[in-house]
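The whole structure should be built from the sequences, with the hints applied where relevant.
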Amino acid sequence: AQTVTQSQPEMSVQEAETVTLSCTYDTSENNYYLFWYKQPPSRQMILVIRQEAYKQQNATENRFSVNFQKAAKSFSLKISDSQLGDTAMYFCAFMKHEGYSTLTFGKGTMLLVSP
Amino acid sequence: DVKVTQSSRYLVKRTGEKVFLECVQDMDHENMFWYRQDPGLGLRLIYFSYDVKMKEKGDIPEGYSVSREKKERFSLILESASTNQTSMYLCASSLSGPRGSNQPQHFGDGTRLSIL
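Taken in sequence, the protein lines are chains A and B. So in the numbering used here, the last one in the first sequence is 115, and the numbering has no gaps at all. So in the numbering used here, the last one in the second sequence is 116, and the numbering has no gaps at all.
Hints may contain errors.
To be verified - What the simulated footprint calls covered on chain A by chain B, stretch by stretch (three residues with Cβ under 8 Å from a Cβ of chain B suffice, anywhere in the stretch; the number is not a length): (1) 38-49; (2) 94-101; (3) 105-114.
Stated by the list, open to error - On the chain B side, residues computed to face chain A include the following (Cβ under 10 Å): (4) Asp-26; (5) Pro-39; (6) Gly-42; (7) Leu-43; (8) Glu-56; (9) Pro-61; (10) Leu-90; (11) Ser-94; (12) Ser-96; (13) Asn-102; (14) Gln-103; (15) Gln-105; (16) Gly-108; (17) Gly-110.
Please keep in mind that the hints were generated in silico from the structure rather than gathered at the bench. Beta carbons are placed, not taken as given, at the ideal position from N, Cα and C, and that holds for glycine.
What follows is the structure, given as structure tokens:
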């Protein structure tokens, strides 16, 4: 079984600054996917970024990037130039590469971006 | 864009009632999922389905059942609602990619269910 741990229940950052959200996971799989999902207050869960474990290059989507350390089983999310609209709950999630495509989620980190 | 629609945004039911939560997706996805979300616990998988009439238990199936009679629709059923089933329920769907290539899940807006 897989486990995903997000050790920061809450974080805060000021607009335009950079913030990093932490995620560690445990698995015996060699090939898998990792995701960061964002859930704004009272709104839909949306996919922020996806990393395939067999790719060494860290994924990047505009202001969002990850630091994927496979040996350490670490998958942090960096948000650059934070905006008020980034205020949300962020979930780290694990999915096997093959078989049932179920997600294992961490407990989430609430990020508050202030002016 | 993928559209996953949950029939109710908010729902209030009474203890012992049979409750149906409906989810419809419009992208011909094979896989559909039901999660519950509770503060401090993240999302936990209740049931999922990888094909019509097929279902698999997730991590917390007790007290729930599901139905998938058509590919686009996946229903979650609380057979006899209890107060500890008060929660946010999220439906998701995903495409079955080529072998060895699971695809991301797309989520609905959620149903906030209160059992009184």
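Status of each hint after checking the structure:
1. 38-49: holds (count 5)
2. 94-101: holds (count 7)
3. 105-114: holds (count 4)
4. Asp-26: Where the cut-off is 10 Å and the nearest Cβ of chain A is about 15 Å from Asp-26 (chain B), the hint is violated.
5. Pro-39: 9 Å, holds
6. Gly-42: Since chain A brings a Cβ to about 4 Å from Gly-42 (chain B), closer than 10 Å, the hint holds.
7. Leu-43: Holds, because the Cβ-Cβ distance from Leu-43 (chain B) to chain A comes to roughly 4 Å (cut-off 10 Å).
8. Glu-56: Nearest chain A Cβ about 7 Å off; hint holds.
9. Pro-61: Since chain A brings no Cβ nearer than about 13 Å to Pro-61 (chain B), farther than 10 Å, the hint is violated.
10. Leu-90: Hint on Leu-90 (chain B): holds, closest Cβ of chain A at ~7 Å, below 10 Å.
11. Ser-94: 5 Å, holds
12. Ser-96: Status holds, d = 7 Å.
13. Asn-102: 4 Å, holds
14. Gln-103: 7 Å, holds
15. Gln-105: Result: holds, 6 Å to nearest chain A Cβ.
16. Gly-108: Holds. Min distance 7 Å.
17. Gly-110: Holds - the Cβ of Gly-110 (chain B) comes within 10 Å of chain A, reaching about 7 Å at its closest.
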